[in-house]
Amino acid sequence: MLFNSLHFVVFFVIVLALNQGLRPWPTAQKFMLLAASYYFYGQWSWMYLGIIVYSTLLDYSIALGMVRVSRPRYLLLLSLATNLGLLAFFKYANWLIDNWNAASDAVGFALQVTPIDLILPVGISFYTFQSLSYTIDVYRGVSQPRRNLLDYALFVSFFPQLAAGPIVRDYEFFRELDGEKRVDAGDVQRALVLIAFGFVKKIVFADNLALYVDPIFANPSHHGFWDSLLAVYAFSFQIYCDFSGYTDIAIGLALLLGFRYPQNFNYPYFADSVQEFWRRWHMTLSRWLRDYLYISLGGNRHGNLHTYFNLMLTMLLGGLWHGASWNFVIWGGLHGAYLAFERAVLFRLPFWNADNALMRTLRWLLTFNLVCFAWIFFRAKTFGDATTMIANIAGAAAPAFDPARHLGMLLLLVALLAVHLLGGWKGFKEWLARERGPVFAVTLATIGLLLIWFTPAATVPFIYFQF
Amino acid sequence: MKTLLKFVAPILLLMVCEALFRLGIWEGMVKPESHAGTSVRLKRALNDPAMQKLDFVTLGSSRPVYGIDHEALARIALEHGAVHANLSMPGSHWMTVDVLTEWLAAHRPNLRGGVIAMDLTTFMYPGNGSYELAIVAPFRGFADDAVISAHVPFKRDEMASWGAHSALYQYREDIQDYIKAPLQRRESVNWWNAMPAADVLLRNAKEAREMCEFGVDRVAACDKVDSSTTEAANGLRHQCRELRGALAGQPDFAALMRQQPMPDYLQQVRDNIRSRLRALHWPRPPVVVLMPLTGAWKEASPLGLHEWTLSVLQPLVDEGRIRLIDATDALAAADNGGCQQYFDFFHQNDSGRQMLMDAVLPQIRAALYDDAPAPAARVAATNE
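Chains as they are written, first to last, in this note's numbering: chain A, 23 to 489; chain B, 7 to 390.
Treat the hints with care, as some may be off.
[Unchecked claim] Here are the computed lysine to aspartate or glutamate pairs in the EDC-like style, where the Cα-Cα straight-line distance is at most 16 Å:
{"hint": "1", "chain 1": "B", "residue 1": "K12", "chain 2": "A", "residue 2": "D159"}
{"hint": "2", "chain 1": "B", "residue 1": "K186", "chain 2": "A", "residue 2": "D424"}
{"hint": "3", "chain 1": "B", "residue 1": "K12", "chain 2": "A", "residue 2": "D209"}
{"hint": "4", "chain 1": "B", "residue 1": "K8", "chain 2": "A", "residue 2": "D424"}
What the hints contain is simulated information worked out from the structure, not anything from laboratory work.
Model the full assembly from the supplied sequences, consistent with the hints where possible.
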């Protein structure tokens, strides 16, 4: 069930009405939200709903057990092994088999393994990370185990965030769950703005940019300099609009149900360093990787070389988290290298860090282009396709600009970048969300017109659903 | 109350936009080369001060656009001190007749009569697909959704059909196209706007090409189209796909007519057409001309289609509501199956128009201007 489907709209209106109606009875309200969340997931696969239930029961029991046993480390290892094992099985089994087969082929070792017929459960990367963060926090003593199974089940499966985040921490969720969950007119206005902007980002921009990007990345060898260059920048905005659009909708829907979720994107292309980019892009995943991986590896506590190694390893695993492909590993590796290079070189150069407009612009320009370059590997189907795209852009062939093909896309991308930078600069969305009737009405009506006029005929799923 | 207003205001604004689009705010920007653009051009010409007196009109699809001698009809009208305008448009079906005649009733109440030129294939289905919504959009009334839905029902999965109920949706593709090249659109609109109204409403479409390289008398002519690499063949491939598709799914209307009850869609075709023609209160009964069909289309059309069409129209003839000129076979006996009279599988060229007019113009003249009522006529196949 996609957010941009009529089925979901009907479903959500019913849930919203029940949520309001059941406010005097919190337990019934939680039961209803859990049932709705399971129904939401069941519409995709009732069978795979079993994995969520299994993961929920296991981590719930483990967390309760941790405060009772003398050696909780073993219980933590069990949680890690089970959750990561499930993730590895569904996400990486066939990739490992493919690599094994290729390697054994290369060395003439005739032991081929047949790939397994598997479908990746939607949202598994998100809910396993969310569930894991809970057991780790309980182990670390940051959180207390939740005794109410209903509460914990809802934490793992709450439908606005289930498919693609944001990845919230247990204390953030339970604070909202235990709170009054009062939704006033200001909240509704904020939620509607978030949802409306989310739909515009997803449907009007991401889905239409995909129409330009997809054919070029599907056959990069058939395209030249301008096609390839614009496709890379267009994909940079497509993935931003797609994913941040989804999270805007998710956060808006949660807000309508009385749950205030943390921000997940903060104008990431406004960043003037890659480090800052990761503080603005998929913020809840960055936070997860920092708290549970980078810091667990030692963070920056053991000298420069160790820090660079930790950064690289964290980003490599972060890349692999996105999908079972060497291209994702390269994408993560590039970001690890960027971060290490910034720490080792750029952050130590006083002129580079000067606080003036010229240097800020140069820093922003470098960061934006480094991030866009890495997206090539993220989007390309194969390593060969990625290198072809790079060769198209860096190649010696004279670039021919065809205004009929390229001018419109170039102007659209410049406009998107301008709006993005304006938003990052002045907090446009917050300004809009304040109590101003006419601005709110005109904005929402304009968004309605954009959706009517520019929704592509075919529904395109959210990119991050595949992760 | 203030809070409620705040949340209702965006919806109200959208409704205002919908109303403005229904009132025609976007018509000045519509792509002139599109279906809607043709229709807007016609509406603009009708609103020209020089065209305020209008006595007779010709309505119909692209077949009369090419197949009827509009200049001759205008000349005859002039001889009688009247004005006869050509309002036929490519892609028009009975929904266009519905909407256009309603518009004429409201804006040209002194209209005396007209020619409705259709062909047998327009009697097969209640509608001709959602693209016809673009043709009728500039002429639609404010609350005619029910009339439109009878021809193009709303389908949730087919966004083009949403235009039946929303002018904002109706102009979706046009606005998308405009965004891609706004300056080009402006130039194109200005060029078309400079065209005099008389050129739009009183002139013939010229077409000299013919079909003797391939033939038009059999669907098998498409085999020659397939094996040819000429530009002419490329332009015919789409029509060949339609022809073969029709031949493959050829229903038997003769049998369906005898079914009790008759299939719903046939009843709907019959009822829509009859109720429309009965609702026309022109001083002269409308002259319904059944335009010639090529042999290929007769082969691919449903069995018994001609019989079905006449069964729909004959009661109206008997009631004196319409005059019928059946020219379906008017060019059938021409040399080589009429290949010299057509420029594709649908449309007549200048020579075909001349041959048809030689056969039907006297009857049209009589029906529109003579006092004595003319009986229904079937135009004999000619071989001139």
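Structure-based check of all given hints:
{"no.": "1", "hint": "B:K12 <-> A:D159", "verdict": "violated (43 Å)"}
{"no.": "2", "hint": "B:K186 <-> A:D424", "verdict": "holds (14 Å)"}
{"no.": "3", "hint": "B:K12 <-> A:D209", "verdict": "holds (13 Å)"}
{"no.": "4", "hint": "B:K8 <-> A:D424", "verdict": "violated (52 Å)"}
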